[in-house]
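Q: The residues making up each chain are set out below.
Number of protein chains: 2
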Amino acid sequence: MSGILTIAGLGPGDQALVTPEVSAALAAATDVVGYAPYVGRVQPREGLTLHPSDNRMELQRAGDALQLASEGRRVVMVSSGDPGVFAMAAAVFEALEVSPQWQGLAIRVMPGVTAMLAAAARAGAPLGHDFCAINLSDNLKPWPMIEKRLRLASEADFAIAMYNPRSVSRPEGFGRALSVLKEAGCGERLVIFAHAVSTPAERIETVLLREARPEMADMRTLVIVGNSATRRVGRWVYAPRHAR
Amino acid sequence: MSGILTIAGLGPGDQALVTPEVSAALAAATDVVGYAPYVGRVQPREGLTLHPSDNRMELQRAGDALQLASEGRRVVMVSSGDPGVFAMAAAVFEALEVSPQWQGLAIRVMPGVTAMLAAAARAGAPLGHDFCAINLSDNLKPWPMIEKRLRLASEADFAIAMYNPRSVSRPEGFGRALSVLKEAGCGERLVIFAHAVSTPAERIETVLLREARPEMADMRTLVIVGNSATRRVGRWVYAPRHAR
Chain A
1 MSGILTIAGL GPGDQALVTP EVSAALAAAT DVVGYAPYVG RVQPREGLTL HPSDNRMELQ
61 RAGDALQLAS EGRRVVMVSS GDPGVFAMAA AVFEALEVSP QWQGLAIRVM PGVTAMLAAA
121 ARAGAPLGHD FCAINLSDNL KPWPMIEKRL RLASEADFAI AMYNPRSVSR PEGFGRALSV
181 LKEAGCGERL VIFAHAVSTP AERIETVLLR EARPEMADMR TLVIVGNSAT RRVGRWVYAP
241 RHAR
Chain B
1 MSGILTIAGL GPGDQALVTP EVSAALAAAT DVVGYAPYVG RVQPREGLTL HPSDNRMELQ
61 RAGDALQLAS EGRRVVMVSS GDPGVFAMAA AVFEALEVSP QWQGLAIRVM PGVTAMLAAA
121 ARAGAPLGHD FCAINLSDNL KPWPMIEKRL RLASEADFAI AMYNPRSVSR PEGFGRALSV
181 LKEAGCGERL VIFAHAVSTP AERIETVLLR EARPEMADMR TLVIVGNSAT RRVGRWVYAP
241 RHAR
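Top to bottom, those sequences are chains A and B. Count the first sequence with the UniProt record's numbering and you get residues 1 to 244, in order. Count the second sequence with the UniProt record's numbering and you get residues 1 to 244, in order.
Worth double-checking, as some hints may not be accurate.
Pairs count within a copy or across copies, as identical chains cannot be separated in the list.
Derived SDA-like pairs: lysine to any residue, alpha-carbon spacing no greater than 20 Å straight-line [what the hints assert, rightly or not]:
no.: 1; residue 1: Lys148; residue 2: Ser228
no.: 2; residue 1: Lys141; residue 2: Lys182
no.: 3; residue 1: Lys141; residue 2: Glu183
no.: 4; residue 1: Lys141; residue 2: Arg210
no.: 5; residue 1: Lys182; residue 2: Pro171
no.: 6; residue 1: Lys148; residue 2: His242
no.: 7; residue 1: Lys148; residue 2: Ala106
no.: 8; residue 1: Lys141; residue 2: Arg244
no.: 9; residue 1: Lys182; residue 2: Pro144
no.: 10; residue 1: Lys148; residue 2: Gln15
no.: 11; residue 1: Lys148; residue 2: His195
no.: 12; residue 1: Lys141; residue 2: Ser228
no.: 13; residue 1: Lys148; residue 2: Thr30
Derived by calculation from the structure, the hints in this document are not laboratory data.
Isolated chain A (complex conformation) (with noise of 0.2 Å):
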């Protein structure tokens, strides 16, 4: 038998966005790879080994399942949302660059449902125009960084879909990141906070940008900041495909 690494999306939360090539690929595997929340996504069977692993563990996590592959496992390594945005596939490479003798396992990424996609279809649409994704944590960039990101961001009249907003052990950074935007002039935009999504502690709440509390958002929270044009109609928030 030959060794497969799957790296697959399992979607937001619920299983009826987890695509069917996702759903084949773990009925098929003999590994589950991922962060310990994620694999326990994955129901358990006989002749399935589950491999729960902590946070911060993306290196030596993409090592051991590339290990696996190498053993002749069919291993998949699970991520929220999808696995390229912000997620294990990054790592995957990463971990190949570091051991070439890897480079001729089989590999496979399986695309996912990811969280701003998601958090926007339940708001409406505000990524129906020109956007962009910023991830918030600082672990592995820079903070000026993630501030120069959003004033261009701003400058360029993207909608802003932020990822991992806020967390424990980063408490600032999103009030900072507000605090720029404001600066900015996006003080009118309306900003959603799209909270665990499609999961039973789903919750959403859209404010203007000038009224946005740090608090509003934790790591389960996806933020999307309209762009200058985006608008609500009822109780939906969306951007206009028309621009001037």
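Using the hints provided, position chain B relative to the given structure of chain A.
A: Chain B in isolation, oriented as in the chain A frame:
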């Protein structure tokens, strides 16, 4: 029976990338509305009326769908990819703004795997770091706005996903976009041309931006310009998670 309009994303083409949520909505539908090639992806069955329409008929199509739902039909409006990304969801909310009598209708939006996620998965992980998505069509916005966004995206060092890069009626824009990025110093960046991802016609090609030619793209191509750190490992292309 009370009507409902479901705005659903069919993913990039492969049936294995259609979410179970969308499949269930199609199975329960009385009417499917959309651009003809997308309606053509829905299996006909008794009790289901298909309403294919031409391109550029978005507002008319949205109005028709709302009208059907107001008559008590279970209508699914289909888009390729995700309905909220340069697709029909925004057009429906525009129609809703013009015709407030429909604002009480039941509407839901179902996300899908948008083209850039499917393209990224095939190539590796080029969206593993901050990125933006720009619709290169100037049907609904002035071309100088597109050029400005490309310059700012380059300055922000975003990876750039370009939707609708080139069509028969817009043969010039994509070449100009490449020139703008070359002038902005992106000549050595990797560019991924992902054609008809997840269909039998799929073709993925990666070149340096200075070697890219406009003819490499058509309307079925999703183009991803890497950021300044995007690199190859084996047959893969990825954006490192770290940045300095």
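Q: Decide, hint by hint, whether the structure agrees.
A: For each hint, the structure was consulted:
1. In this assembly of identical chains, Lys148 and Ser228 lie within 20 Å of each other by CA distance both inside one copy and across copies; the values are 19 Å within and 16 Å between.
2. Taking CA atoms no more than 20 Å apart as the test, Lys141 paired with Lys182 passes in neither setting, with 22 Å inside one copy and 26 Å between copies.
3. Taking identical chains as interchangeable, the C-alpha atoms of Lys141 and Glu183 are never at most 20 Å apart, the minima being 22 Å within one chain and 26 Å between chains.
4. Taking the shortest alpha-carbon separations for Lys141 and Arg210, neither the intra-copy value of 27 Å nor the inter-copy value of 28 Å comes in at or below 20 Å.
5. Proximity of Lys182 to Pro171 under the C-alpha cut-off of 20 Å is restricted to the intra-copy arrangement: shortest distance 19 Å within a copy versus 39 Å between copies.
6. Taking the closest pair of Cα atoms, Lys148 and His242 come within 20 Å of each other only across two copies (16 Å); inside a single copy the shortest separation is 27 Å, beyond that limit.
7. Proximity of Lys148 and Ala106 under a CA criterion of 20 Å is satisfied in neither setting, with 39 Å inside one chain copy and 41 Å between copies.
8. Proximity of Lys141 and Arg244 under a CA criterion of 20 Å is satisfied inter-copy only: 6 Å between copies versus 34 Å inside one chain copy.
9. Within a single copy, Lys182 and Pro144 get their C-alpha atoms as close as 16 Å, which meets the 20 Å cut-off; across copies the closest is 26 Å, which misses it.
10. For the identical chains of this complex, Lys148 and Gln15 are neighbours neither inside a copy (37 Å) nor across copies (40 Å), given an alpha-carbon limit of 20 Å.
11. Proximity of Lys148 and His195 under a CA criterion of 20 Å is satisfied in neither setting, with 26 Å inside one chain copy and 33 Å between copies.
12. Taking identical chains as interchangeable, the C-alpha atoms of Lys141 and Ser228 lie at most 20 Å apart only when they sit on different chains, with a minimum of 14 Å there against 28 Å within one chain.
13. For the identical chains of this complex, Lys148 and Thr30 are neighbours neither inside a copy (44 Å) nor across copies (49 Å), given an alpha-carbon limit of 20 Å.
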